[in-house]
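**Q** Protein sequences, first through last, are from chains A and B.
Just so we're aligned, residue 1 is where the first sequence starts under the working numbering, counting upward by one.
Just so we're aligned, residue 1 is where the second sequence starts under the working numbering, counting upward by one.
None of these hints come from the bench; they were simulated from the model.
Since this is a predicted model, take the numbers as computed values, not measurements.
Some clues are possibly wrong.
Capping the alpha-carbon separation at 20 Å, the derived lysine to any residue pairs in SDA-like fashion look like this [unchecked claim]:
{"no.": "1", "chain 1": "B", "residue 1": "Lys70", "chain 2": "B", "residue 2": "Trp95"}
{"no.": "2", "chain 1": "A", "residue 1": "Lys42", "chain 2": "B", "residue 2": "Phe12"}
{"no.": "3", "chain 1": "A", "residue 1": "Lys42", "chain 2": "B", "residue 2": "Lys57"}
{"no.": "4", "chain 1": "A", "residue 1": "Lys57", "chain 2": "A", "residue 2": "Ser18"}
{"no.": "5", "chain 1": "A", "residue 1": "Lys79", "chain 2": "A", "residue 2": "Leu13"}
{"no.": "6", "chain 1": "B", "residue 1": "Lys9", "chain 2": "A", "residue 2": "Pro40"}
{"no.": "7", "chain 1": "B", "residue 1": "Lys9", "chain 2": "A", "residue 2": "Leu13"}
{"no.": "8", "chain 1": "A", "residue 1": "Lys69", "chain 2": "A", "residue 2": "Glu92"}
{"no.": "9", "chain 1": "B", "residue 1": "Lys57", "chain 2": "A", "residue 2": "Lys69"}
{"no.": "10", "chain 1": "A", "residue 1": "Lys68", "chain 2": "B", "residue 2": "Phe12"}
{"no.": "11", "chain 1": "A", "residue 1": "Lys42", "chain 2": "B", "residue 2": "Lys70"}
{"no.": "12", "chain 1": "A", "residue 1": "Lys42", "chain 2": "B", "residue 2": "Thr5"}
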Amino acid sequence: EDQVTQSPEALRLQEGESSSLNCSYTVSGLRGLFWYRQDPGKGPEFLFTLYSAGEEKEKERLKATLTKKESFLHITAPKPEDSATYLCAVPETGNQFYFGTGTSLTVIP
Amino acid sequence: DGGITQSPKYLFRKEGQNVTLSCEQNLNHDAMYWYRQDPGQGLRLIYYSQIVNDFQKGDIAEGYSVSREKKESFPLTVTSAQKNPTAFYLCASRWGQGPYYGYTFGSGTRLTVV
Numbered sequence: 001e002d003q004v005t006q007s008p009e010a011l012r013l014q015e016g017e018s019s020s021l022n023c024s025y026t027v028s029g030l031r032g033l034f035w036y037r038q039d040p041g042k043g044p045e046f047l048f049t050l051y052s053a054g055e056e057k058e059k060e061r062l063k064a065t066l067t068k069k070e071s072f073l074h075i076t077a078p079k080p081e082d083s084a085t086y087l088c089a090v091p092e093t094g095n096q097f098y099f100g101t102g103t104s105l106t107v108i109p
Numbered sequence: 001d002g003g004i005t006q007s008p009k010y011l012f013r014k015e016g017q018n019v020t021l022s023c024e025q026n027l028n029h030d031a032m033y034w035y036r037q038d039p040g041q042g043l044r045l046i047y048y049s050q051i052v053n054d055f056q057k058g059d060i061a062e063g064y065s066v067s068r069e070k071k072e073s074f075p076l077t078v079t080s081a082q083k084n085p086t087a088f089y090l091c092a093s094r095w096g097q098g099p100y101y102g103y104t105f106g107s108g109t110r111l112t113v114v
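Put together the whole structure using the sequences plus the hints.
**A** Spelled out as structure tokens, the structure:
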């Protein structure tokens, strides 16, 4: 069965302490991988789409990378405003996406 | 600004009561979706609609109903048949079909059974 798994479930970082979030997937024939940011009590907000292994995209302190089996969201020198839940999702063969359960990131000042 | 508006933000349901969650978009997107989000679980698809007057069940459609009479609107009714409706409900839309188009999400409705 196709699955999307995110790790860790929760991550606490000191401000300025860089780290990475992982999204691994088992879908066959990957057609893209999406990263979203979700703040408490709000809907997810689109961050990146990656389509092929080796692709990288950056936005401010975030950089997303993609391999054949997983994606990483690297956070460089995070700030408290980066605290949120980060979700990844991959499209399945039909008309919907598989979502991971997310990584809850807390950045402590 | 274009976007998706969900209302209300908070909703309380009594046992045996049907409630309707509103979702309106002004993005001119054809496809609209309803997802349910529970703690520790990924988003799960309830219903989706690719065109007016047509909709399909997702993975957890039991106890829910939808309508799509206008392109802009996709309301979700949580019926009394849904035994565990307490959750965060997200409406989303996409410009196109297929795997290359991401979602735009609304701000969500938190439904609680009282």
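**Q** When the hints from earlier in the document are held up against this structure, which numbers fail?
**A** 3, 7, 9, 10, 11
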